[in-house]
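Asks: So the chains spell out like this:
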Amino acid sequence: MEIHEELALIARAKKGEQAALGLLWDAITPKLYGYLVNTLREKSLADDILQNTWLKAIASLAKFHARGVRFSSWLFAIARNECRQHWRQNGRERSIEETNEENFQTVSVGGDLSEKFLVEKILKMLPEEDRELLRLRYIADLPFKEIARVLEISVITARVRVHRSLARARTGFNTIV
Amino acid sequence: MTQVSYNLKDLLHHWGQKERILPIGNEAMKARIFAALRTQNTVQPERRRFRYPWRIAFVCGGLSILFFVTQGFYLNRLTSADHGLNPAGYGYDAASKVGYQRSSSGEISANDLGVVYGAYTGLSAREVTAGGIVGEIVGGAAKSIGRYFTQASPFDTREYLKTDYHAEIKTRQVQKKATRAQTIVRGHGGRVDNSSSDSKYARIEFVLPKSEMESFKDELKELAASPRFMAEIINSRNLLPEKTVIEQNTASSQSALADSQKQRQDLVVSHNTKVASLKQQLSYTANSINKLKKEFTTSTERQQEIAVAVSNLSTEQRRLNQLLANENAQYQKKRNEIDARIKNEQEQLVFLDQQDRQLINNVETVQGSISIEWISGWGVLALYVPYYRTFIFIAIIALIIYLLYGRRRRFELV
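Protein chains in written order, with the numbering used here: chain B, 685 to 861; chain C, 15 to 428.
Same shape as in the complex, but just chain B (with noise of 0.2 Å):
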């Protein structure tokens, strides 16, 4: 969706038109869902802080200004609190060594198995820094300038970690092939 499209859209949600709501829903929660999946671990918890998010976003559709940052950008950014949030009153996630291959099933429904093992496998030699910016940049295919927003850095930084994470998992990557 490009941004003119989403700026229209949230207008008309803003006079609390639901379809307009259900279009920007449609777009956004397989790129949201996928990443708090990917993200907790957990898909009944992932399916919490998803309606949490999109409740707390709508709930503040009117507070949110543009200015040239993406809808979609501000939902990651509102997830991305309400794990911290839930990490803070519930412990730490569950981390991506403990998840087995059940767990991936169960998640990836009509995945190619062998190529999200290949990446998991990956991702499990990444620090968390690394896989979170491989996430956001791959799940939820935000460009550099919004993962710069949703994590409060710089665009030259964002890329500049993005391309490092690249090059580690590059090194894992020959390292497994």
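One or more of the hints may lead you astray.
What the hints assert, rightly or not - Chain C stretches covered by chain B per the calculated footprint, using a threshold of three residues with CB under 8 Å from any CB of chain B:
hint	segment
1	27 to 33
2	42 to 48
Stated by the list, open to error - The list that follows gives simulated cross-link-like pairs (lysine-lysine, DSSO-like), each with its CA atoms no further than 27 Å apart:
hint	chain 1	residue 1	chain 2	residue 2
3	C	Lys231	B	Lys808
4	C	Lys32	B	Lys805
5	C	Lys32	B	Lys800
6	C	Lys44	B	Lys747
7	C	Lys276	C	Lys348
8	C	Lys32	B	Lys829
9	C	Lys44	C	Lys32
10	C	Lys214	C	Lys293
11	B	Lys698	B	Lys829
12	C	Lys276	C	Lys357
13	B	Lys698	C	Lys308
14	C	Lys190	C	Lys214
15	B	Lys808	B	Lys698
16	C	Lys23	B	Lys800
17	B	Lys699	C	Lys44
18	C	Lys231	C	Lys190
19	B	Lys829	C	Lys23
20	C	Lys293	C	Lys305
21	B	Lys699	B	Lys727
22	C	Lys235	C	Lys214
23	C	Lys32	B	Lys727
24	B	Lys727	C	Lys44
25	B	Lys829	B	Lys740
26	C	Lys288	C	Lys224
27	B	Lys699	B	Lys747
28	B	Lys740	B	Lys698
29	C	Lys44	B	Lys740
30	C	Lys276	C	Lys347
31	B	Lys747	B	Lys829
32	B	Lys805	C	Lys23
33	C	Lys224	C	Lys190
34	C	Lys32	B	Lys808
35	C	Lys348	C	Lys288
Honestly, the hints are just simulated from the structure, not real lab data. Small disclaimer: the values here were computed from a predicted structure and weren't measured. Built from N, CA and C at the ideal position, the CB exists for glycine as well.
Following the hints, position chain C against chain B.
Replies: Positioned in the frame of chain B, the structure of chain C alone reads:
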């Protein structure tokens, strides 16, 4: 490597796409959320909040700059005046007052010797300077010697401190305070040399015994409503170089006087010896003439011999008389010259002694001035409100407001 990179990125892109999934029961969840929103009427208009607070920051910043500029202008106006409260102004004023101006070469100029001051007799507004006083003391000697002062020896630790005092008082009752200031000067055994006053400005120049200085200052401070309204400059300078010059000149004059007196004594002795010798010769000649004239003889030849001898002796007598007269004349001339020299040296010594006493008297007195200036209400405010601190304070407040409200936040997380 490129192939690997392509494969990894491709793999990650593919993985990312596969990870994007909808939750089970997506439609039900969506409907549930939207229903909840409908019941809560969640999509509300933005509540009115304090908008554009950064504008206040700019206004505060602008005000602070305006305040800074106007205050700076006001203070500049104060300090640019001859009688400003600015210490820098004082410094300049004091420098001119003490009259201790060095030439570009670093030597003390003729002004420092007080030659200018020596030309006038009264104490005027600007020329009553320490340098002037110094000039009065040593100016004549310096001119007669024809050389400038040099620095005193670093091993000479004597101090002859000449103190100059200047006070600036801001008040709203100029003439009343000026009258009181004069009374204070006289009350401490001082002398008012010059005074002028009008409704806005008054100036009093005075001389005061050094011993009265501290009590005078204390009393003068009571004249000002608050210490903020008064500023003082006390300038002290060691007159040791001048003292050294006087001492050197005295020693030189004493030595010259002793030499002259010795010369006079030698001259008298020499003259007396010569006169005695000449008189002895004259006496012998006169006796010889008398003997020859008394000699009785009938011999014509002898009579001729006596006549020739008397003639020769008379000639010798005249020569000796001439020598005596010449000696007396030369003696008189030389003695007069030496006496004149002695008189000069004695006068010089008296003059140097007088200068020495004047220097000591000068050291024992304080030359000063009091400037009393009318102050406006704004001036009073400027004295009490430190403008630069106010500027910094307002600027900090502006910065805090900007940081708290003005800076655009990345996201307002709910």
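Asks: Just pull the numbers of the violated hints for me, sorted ascending.
Replies: 3, 10, 13, 15, 21, 26
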